[in-house]
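Chemist: What follows is each chain in one-letter form.
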Amino acid sequence: MVVQGSVHKYGDNVDTDVIIPARYLNTSDHDELASHCMEDIDSDFVNRVKTGDIIVAGKNFGCGSSREHAPIAIKASGISCVIASTFARIFYRNAINIGLAILECDEAARDISAGDQIRVDFDTGVIQNLTTGKEYQAEPFPPFIQNIIAKGGLMNTI
Amino acid sequence: MTQKILAAHAGLPNVKAGQLIEASLDLCLGNDITAPVAINEFERCGGCSVFDKSRVALVMDHFTPNKDIKAAQQVKRVREFAGKHDIENYFDVGRMGVEHAILPEQGLVGPGDCVIGADSHTCTYGALGAFSTGVGSTDLATAMATGKAWFKVPSAIKVELTGRLPKYVTGKDVILHLIGMIGVDGALYKSLEFAGDGVASLSMDDRLCIANMAIEAGAKNGIFPVDSVTLEYVSGRFRREVRVFEADSDAEYERVITIELSSLRPTVAFPHLPENTRTIDECGGQVKIDQVVIGSCTNGRLEDMRAAAEILKGRKVAKGVRCIIIPATQQVWLDSMREGLFEIFIEAGAAVSTPTCGPCLGGHMGILAAGERAVSTTNRNFVGRMGHVDSEVYLASPYVAAASAVTGYITDPASL
Chain A
464 MVVQGSVHKY GDNVDTDVII PARYLNTSDH DELASHCMED IDSDFVNRVK TGDIIVAGKN
524 FGCGSSREHA PIAIKASGIS CVIASTFARI FYRNAINIGL AILECDEAAR DISAGDQIRV
584 DFDTGVIQNL TTGKEYQAEP FPPFIQNIIA KGGLMNTI
Chain B
85 MTQKILAAHA GLPNVKAGQL IEASLDLCLG NDITAPVAIN EFERCGGCSV FDKSRVALVM
145 DHFTPNKDIK AAQQVKRVRE FAGKHDIENY FDVGRMGVEH AILPEQGLVG PGDCVIGADS
205 HTCTYGALGA FSTGVGSTDL ATAMATGKAW FKVPSAIKVE LTGRLPKYVT GKDVILHLIG
265 MIGVDGALYK SLEFAGDGVA SLSMDDRLCI ANMAIEAGAK NGIFPVDSVT LEYVSGRFRR
325 EVRVFEADSD AEYERVITIE LSSLRPTVAF PHLPENTRTI DECGGQVKID QVVIGSCTNG
385 RLEDMRAAAE ILKGRKVAKG VRCIIIPATQ QVWLDSMREG LFEIFIEAGA AVSTPTCGPC
445 LGGHMGILAA GERAVSTTNR NFVGRMGHVD SEVYLASPYV AAASAVTGYI TDPASL
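Heads up: the protein sequence lines correspond to chains A and B, in order. Per our numbering: the first sequence = residues 464 to 621. Per our numbering: the second sequence = residues 85 to 500.
Derived by calculation from the structure, the hints in this document are not laboratory data. All residues carry an ideal CB built from backbone N, CA and C; glycine is no exception. Among the hints, a few may not be true.
Here chain A is said to cover these stretches of chain B; the calculated rule only asks that three of the stretch's residues, wherever they fall, bring their Cβ under 8 Å from a Cβ of chain A [unchecked claim]:
hint: 1; stretch: 112-122
hint: 2; stretch: 143-155
hint: 3; stretch: 217-223
hint: 4; stretch: 269-275
hint: 5; stretch: 455-468
Restricting the straight-line Cα-Cα distance to at most 35 Å, the calculated cross-link-like pairs of lysine-lysine (DSBU-like) are [said to hold, decoys possible]:
hint: 6; chain 1: A; residue 1: LYS614; chain 2: B; residue 2: LYS154
hint: 7; chain 1: A; residue 1: LYS513; chain 2: B; residue 2: LYS154
hint: 8; chain 1: A; residue 1: LYS597; chain 2: B; residue 2: LYS236
hint: 9; chain 1: B; residue 1: LYS154; chain 2: A; residue 2: LYS472
hint: 10; chain 1: B; residue 1: LYS397; chain 2: B; residue 2: LYS372
hint: 11; chain 1: B; residue 1: LYS168; chain 2: B; residue 2: LYS137
hint: 12; chain 1: B; residue 1: LYS100; chain 2: B; residue 2: LYS88
hint: 13; chain 1: B; residue 1: LYS400; chain 2: B; residue 2: LYS372
hint: 14; chain 1: B; residue 1: LYS242; chain 2: B; residue 2: LYS100
hint: 15; chain 1: A; residue 1: LYS614; chain 2: B; residue 2: LYS236
hint: 16; chain 1: A; residue 1: LYS614; chain 2: B; residue 2: LYS232
hint: 17; chain 1: B; residue 1: LYS88; chain 2: B; residue 2: LYS236
hint: 18; chain 1: B; residue 1: LYS168; chain 2: A; residue 2: LYS614
Put together the whole structure using the sequences plus the hints.
Modeler: Below, the structure is given as structure tokens:
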């Protein structure tokens, strides 16, 4: 699977409270969650994001609360992939379980800038920056996890 | 110790760090925010039944008593699910408490257990010598159906505690100090294993507080050895067999950290990360506050209520400060009331709430306005965590929180 999109860039320790603030956790409606995605760190995100766009961030992305609403909001907002130096472990697990593509690649996370056009190949783990021409190698997921992401989440594989 | 518990639950003689295993669960947990998402997933499989109605716990604690119509709809959905599947451990208003306070208190978790919960602070039960970790709603849905979960076996960091805590220094200060040392991702994907002769002097409430915030260092779990304090705590509560696992004397650790308890000072985490810690001596007299919250799964237990009362007795909450005290469970409420703590709180000018997570996550019962500052005994001080995106949260112990309520700025309890 290959995705391509424009980059939204964030720093270290982006927590799930800023991805989807708790005041919106009284719903599990995906579109409603998406309409508040990243609200407390980047209030203009929902106006700028286009289907297929990619989030690139620093270390410990998705730290804090276990709310699955966070990867759900990101996926429902149209984001096709999140690349980070590292992910907090519960977010990592949740993203796979709901079928949000994620990749750990420190070099790419540091190098890539907001607005760059990025192409990601999940089979090979190759990340291409089409704006700068640079290429990065991330560890690709094994086939069973790629299958969960391709099918849109764990429950669709049962 | 974590690896031994995981091996036993996976039916394997031993496991290694990095190994992927499937383990049987002694309990799985959800709350009024995460369970509705799990129930949606669970019902998609069509005709699924719950693996064991005594091993699923559903605790309505975050937005309860229902803060608005949407929250009420979510709780109603969980209540109906619990009724349909005859879930034995369903806790609603009047019987409820903050999940990580009520489960140990009611004896639903104990030594040697393997537990997952769709709440990040599920790691609290490591205080009892259990492996417990937070997951998401889809993992909970699968666990409710199968009684199993997959794990990647974590490597371990040993935290060697020596000596004894001085007056006004608590488990909260120990864990804030540790997070300040190693950072919010200092134990990412790993297990924090507490050990050393200092453990014996820590009360169960201190241990529950320390294990609770292991996640704030990124850890998969935090775990304490089982000793006489543990056995005394679980005696008469925990109904399953106590299984004691001990770390081998030659166990491998990725890192060993030593903390001399007697050297610790009351510690405060400044906005907007739990790793931004300063000792009370480094806070200065400059941090003026608007609100104090004493409660939560971190610090809403009886010892925390007693600590707050010790400070507030015969004193008044400063003019212009709202002090909100939230006993974490009905039992803590009853015990606090019987000990006369509520008289002290109310005479001091504090508000006492029914058990709820409420303000900790900016849900209800104490939301901050723009520019406001709170000292809170909760566990996270992220941007906007307790309300407006321009508000600030300072994390501290009940002693520091209560002392700060009295003066109106962040205060060393010993200085009163």
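Chemist: State for each hint whether it applies.
Modeler: Here is how each hint holds up against the structure:
Note: the stretch 112-122 of chain B has 4 residues with beta-carbon separation from chain A under 8 Å; the three-residue rule is met and the coverage holds. Given a C-beta distance limit of less than 8 Å, the hint that chain A covers the stretch 143-155 of chain B holds, as 6 residues qualify and 3 suffice. Counting residues of the stretch 217-223 of chain B whose CB lies closer than 8 Å to any CB of chain A gives 6, which reaches the minimum of 3, so the coverage claim holds. Here's how the stretch 269-275 of chain B fares: 3 of its residues keep a CB closer than 8 Å to some CB of chain A, so the rule of at least three is met and the hint holds.
Check on the stretch 455-468 of chain B: 4 of its residues sit with their Cβ under 8 Å from a Cβ of chain A, so the three-residue criterion for coverage holds. For the suggested pair LYS614/A and LYS154/B, the alpha carbons sit about 30 Å apart, so the restraint of at most 35 Å is met. At roughly 29 Å between alpha-carbon atoms, LYS513/A and LYS154/B fall within 35 Å of each other, so this suggested pair holds. For the suggested pair LYS597/A and LYS236/B, the alpha carbons sit about 33 Å apart, so the restraint of at most 35 Å is met.
Our distance criterion of 35 Å between C-alpha atoms is met by LYS154/B and LYS472/A, whose separation comes to about 33 Å. Restraint check: the Cα-Cα separation between LYS397/B and LYS372/B comes to about 22 Å, which is no more than 35 Å; the hinted pair holds. In summary, the hint linking LYS168/B to LYS137/B is supported, as the alpha carbons are separated by about 11 Å, within the 35 Å threshold. In summary, the hint linking LYS100/B to LYS88/B is supported, as the alpha carbons are separated by about 10 Å, within the 35 Å threshold.
Between LYS400/B and LYS372/B the alpha-carbon distance is near 16 Å, which keeps this suggested pair within the 35 Å criterion. A C-alpha spacing of about 16 Å is found between LYS242/B and LYS100/B, which places the hinted pair at or below 35 Å, so the restraint holds. About 22 Å separates the Cα atoms of LYS614/A and LYS236/B, which keeps this hinted pair within 35 Å; it holds. With a C-alpha separation of about 22 Å, the suggested pair LYS614/A and LYS232/B falls inside the 35 Å cut-off, and the hint holds.
About 14 Å separates the Cα atoms of LYS88/B and LYS236/B, which keeps this hinted pair within 35 Å; it holds. For the suggested pair LYS168/B and LYS614/A, the alpha carbons sit about 30 Å apart, so the restraint of at most 35 Å is met.
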